[in-house]
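Enquirer: Protein chains in written order, with this note's numbering: chain A, 146 to 809; chain B, 146 to 809.
Hints were generated in silico from the structure; no laboratory data involved. Only a predicted model underlies this, so the values are computations on that prediction, with no experimental measurement involved. Be a bit skeptical, because a hint or two may be false.
Claimed, not checked - Stretch-level coverage of chain A by chain B, calculated; a stretch enters the list once three of its residues show a Cβ under 8 Å from a Cβ in chain B:
| id | stretch |
| --- | --- |
| 1 | 186–193 |
| 2 | 433–441 |
| 3 | 558–565 |
Even for Gly, the Cβ is constructed at its ideal location relative to N, Cα and C.
Number of protein chains: 2
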Amino acid sequence: MLGRSVDGRCRVVIERVSPEIDCGRFPIKRVVGEKVIVEADVFADGHDRVACQILYWQGNEGVQSSPMEPLGNDRWRGEFVVNTIGKYQYTVEGWIDFFQSWRDAFEKKIAAGQDVHLDLVVAVKLVEGAATRATTDDAALLRQWAQRLQQNKTEASGSLIALQKELLNLMRRYPDRDLATRHEKQLGVTVDREKARFSTWYEIFPRSCSPEAGRHGTFQDCEKWLPYIASMGFDVVYLPPIHLIGQSFRRGKNNSADVQPDDVGSPWAVGSKEGGHKAVHPKLGTLEDFKRFLRRAGERGIEVALDIAFQCSPDHPYVTEHPEWFHTRPDGTIQYAENPPKKYQDIYPLDFETEEWQALWEELKSVFQFWIDQGVRIFRVDNPHTKPFPFWEFVIDEIKEKHPDVLFLSEAFTRPHVMFRLAKAGFSQSYTYFAWRNTKQEITDYFTELNQTELREYLRPNFWPNTPDILPEFLQVGGKAAFMVRLILAATLGASYGIYGPAFELCEHAPLRPGSEEYLNSEKYELKHRDLNAAGSLKELISRVNRIRKENPALQSNHNLRFHETDNPSLICYSKASDDFSNVIFVVVNLDCFHAQAGWVRLELASLGLDATQAFQVHDLLGDGKYLWQGLQNYVELVPESLPAHILRVRRWVRTERDFDYYL
Amino acid sequence: MLGRSVDGRCRVVIERVSPEIDCGRFPIKRVVGEKVIVEADVFADGHDRVACQILYWQGNEGVQSSPMEPLGNDRWRGEFVVNTIGKYQYTVEGWIDFFQSWRDAFEKKIAAGQDVHLDLVVAVKLVEGAATRATTDDAALLRQWAQRLQQNKTEASGSLIALQKELLNLMRRYPDRDLATRHEKQLGVTVDREKARFSTWYEIFPRSCSPEAGRHGTFQDCEKWLPYIASMGFDVVYLPPIHLIGQSFRRGKNNSADVQPDDVGSPWAVGSKEGGHKAVHPKLGTLEDFKRFLRRAGERGIEVALDIAFQCSPDHPYVTEHPEWFHTRPDGTIQYAENPPKKYQDIYPLDFETEEWQALWEELKSVFQFWIDQGVRIFRVDNPHTKPFPFWEFVIDEIKEKHPDVLFLSEAFTRPHVMFRLAKAGFSQSYTYFAWRNTKQEITDYFTELNQTELREYLRPNFWPNTPDILPEFLQVGGKAAFMVRLILAATLGASYGIYGPAFELCEHAPLRPGSEEYLNSEKYELKHRDLNAAGSLKELISRVNRIRKENPALQSNHNLRFHETDNPSLICYSKASDDFSNVIFVVVNLDCFHAQAGWVRLELASLGLDATQAFQVHDLLGDGKYLWQGLQNYVELVPESLPAHILRVRRWVRTERDFDYYL
């Protein structure tokens, strides 16, 4: 009759639940121990009071609840903490709070001196009703309250009893939720381990780790680099593809078509007749060598991230075993990669529009599974934006279902919505436009977008000043100061960042040609041999910056980033603070690599728990200077060639019981 | 296996479709002839081109499509027009545009002088594929194209043929949509007749229409008022409840509990033992009289809106016939309305939490149906916010299913989200906070919220300077100028507005007591007798303003409202323009009822299709002055006691073929 199956007496409405990504189509992301703050508009018709709560649960485990409090204008907020990796779900439930509604009216009637004995009878019924929903102990208590109300219903004492705060608190625990409304969507949370949020990456080509120039490096050589990498404070070492490299159409040095017999080829031309995505390049060693490298790295607190590039060299076994996974040209040959007029004949893209897409998806999933079985838990995925989004949703979901500790970094440098969609599809971290955000305005706008919009709920940025594909103009021309600036920005603006080394710390800055962001003599096409102890290396600075990150929890989050005004366009100032303000960091960077810059920063102290009327000491963790700051305006001067930035930790005066001052 | 039933080869993604209210839970609203502009983010992995379209349909009729064009950043826009009242649905469909993708690559290869004969073979296949989807005629054409391409595939002429615009246009009409993605939601449009958007209301108490003081007015008396109402340009006459009025606890004059035998009671205390919501108060006449009044009004282009107040006097037949529809107190009596400490013992609210809620809903629906059967097509619903939202969704949906021309005005003055939800639930128009928005900032903010946020899609505001319940302070103290200001604001800011008359045009402004918004000697509790021709009546001004509204289509819409800066806080300036700029109106109002105010208005001419370098004439449709304006800054001076506003129509010089100038 009514065309609706729900009970028409469910009067409470729940709207604008947040976070809720694309109407609940995608989960939000958190790491273990983080809060999920949920808000919703919850209201009903008429003047009755409503109450609401968050319901949340993990997998098939029991539903837990967390109360929501009113913010005004019918908006409510609550929170819960996710303590285990895996998937959580949450939703919002609201109901009419009959007792509170009754109590509001009752108070007004009492104040007006009206007869309330009937109202007390109503209260008795409400309390008895709650007793039927209560635990045995509370039920007994509630029945006592009901009895007292019943006995005193015609006396003034009845009113006093009815208004007891103790009764209200008890009643709040057992509301009548028979006609409660539940938000129609169950919203997801993907909970990762902490490294998904806070991680420090170092990219190396293992074949360049040999101590002898001209010899192909091995995993055993890489092991010898671990102390160096660990000393700089990195906790993820990321390797470009470690598989066999195709011979057909192999590219020579500087991506030349003119290939020489000793040219090693690009690791991204994956596969030869000896093996594909599940094999190790024999010149790097054996699978056992790789696993030993993993263990050795682990002993130093370093995880190894593998690059997964789903594309094949013409020699890859898939090409002969599964030609149906590739696009065939009218002449019967397999279609190589193209970005017209450029041709990449050393690369065959997989054809995700194949009739056999399901088998292809399963095989690619098995590639991740293979490396997981070897001990890998982090994957950097190459060009995920050239594979369909449904594939990523499928593969990440299936892998994380079995291995919720696995993390995926999306290497997509493409249009914004495509990058966002990959993050929604499940990638744990995402590359960003950071490499091309250099000015104060660019940085402020971009980080505000990442941290202050809905993106914060599902896209975890990872900031890279350089990659083997990207030597930004800023680094090409800015000298050593440019490298320092970009390192400090990446490491303090972002909870996760990474560098492509040793090119970075050695300040390699020669482009293939003017106007190109490719490296000259790129490591992508040849072996490199470098002196890690070369003069001018930034390794000491990097070590210091990464130690500061480790010691200051404020720097391990993104959403606490706040920009502060400066009166000099070359000076950028921002802060990060821990939730309890026990750790407050100000960073000031001179973005001009060529000139000393000075100016006034204008701090928003109140938002950081600081008192603008009291002086406070800031300790430059980078340069070791100490300054006494007071009030909103403070002066800064930074010289690029020495240190282009301050990383200032606030030290607060605290008066102790023993009445002397010391630094926190 | 894959955990998803969809074809994993559907690569196109559709996101952020707009308009989409609460994830598609509620329809948007339009009137006949209006456009629905649909936007969406549509994109795919990789570098292929995508295409997309709107799909829309009415009821069970065939699906129509409308193309979408790219706006940049993967955003697309299209539109369709709704031509019939009732319900429409729409959604978005996107697919890979294989031919366009092929063509892009092909052009680049040609430019680079590459061999393309295989590409031409691919083109032949694409064209032949399109032929299988085309109409017979177009299929023949496409096969000819395919043949020409086939024959010229090794010649330069093949490339020229492949790039013909004619072929592209033909191919666009027959895309391969086998793997198209459809937005998962079907979104609704409620299409109303034009009056839902553009309407001019006049509220009268029919019992006060008697030509003799002290005699209860009748519908026949009301008929005699129709020429007066029509002369002022109103097209909706709205009557407070016309039912029998309860005797029990009837309220006396000025809402006094001390009731006299001749007191007529409040029309909102609906029902006596002679009848309830489907009966006419015998002192107003018979049902036949009412219907004749409807007809007479109709003859003058005026519709009659009935007030439906779902509440009962203690004497209403429901109380004895359906006590289960009311809340019973512990002493067995029925609960009267309360807003503690206030008691409204003359009113019994219906209990929507009754077990018999379904029967109650059906009965209330039948009340609307009864009056629809008598010829009523507009209802003003009293206090809808004190009845559950699911009830309104049900009743409006069911009524409009059978009678899509019926309109409902929501009389809810309550918290914002509650008012918004009622609009979403289906009300065709909504009362607003207009009565309490007086300053330039308040008006600008409020109308910007109404017109520039998602509200515009589903909430149609109706602006009332006064109602029988609301005599705003501004009208109490501002003299006649205040009434003029508020009338002009309501009538030109809003496409729909209304006044409670003749109280309004006679400038009745005495409050019950200082600080109250109730009228002294309110018509809600007593008969009134007024001289419609009293000196000082605003009827001439009202006539003029309503004629201006009728003659200027720009004033018949809301979303074209644009505010312009002024340098005087007492002067507000705004414009409305028809879509084609053939009708452009500027309004300038002096909000200060006590002092002449002058200043400069700063016009955003470009957004109104006006050239800032050319002078243009503005004709004050209100005061009949003509001014030559030029450039962005123009001077205005307004004296409250004469006319506190300009309503300026732009008259443009146009050079005709015959080379002389005349006014448009």
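Enquirer: Hint by hint, say whether it matches the structure.
Expert: Against the structure, the hints come out as follows:
1. 186–193: holds (count 6)
2. 433–441: violated (count 0)
3. 558–565: Held - the stretch 558–565 of chain A has 4 residues with a Cβ nearer than 8 Å to chain B, which meets the minimum of three.
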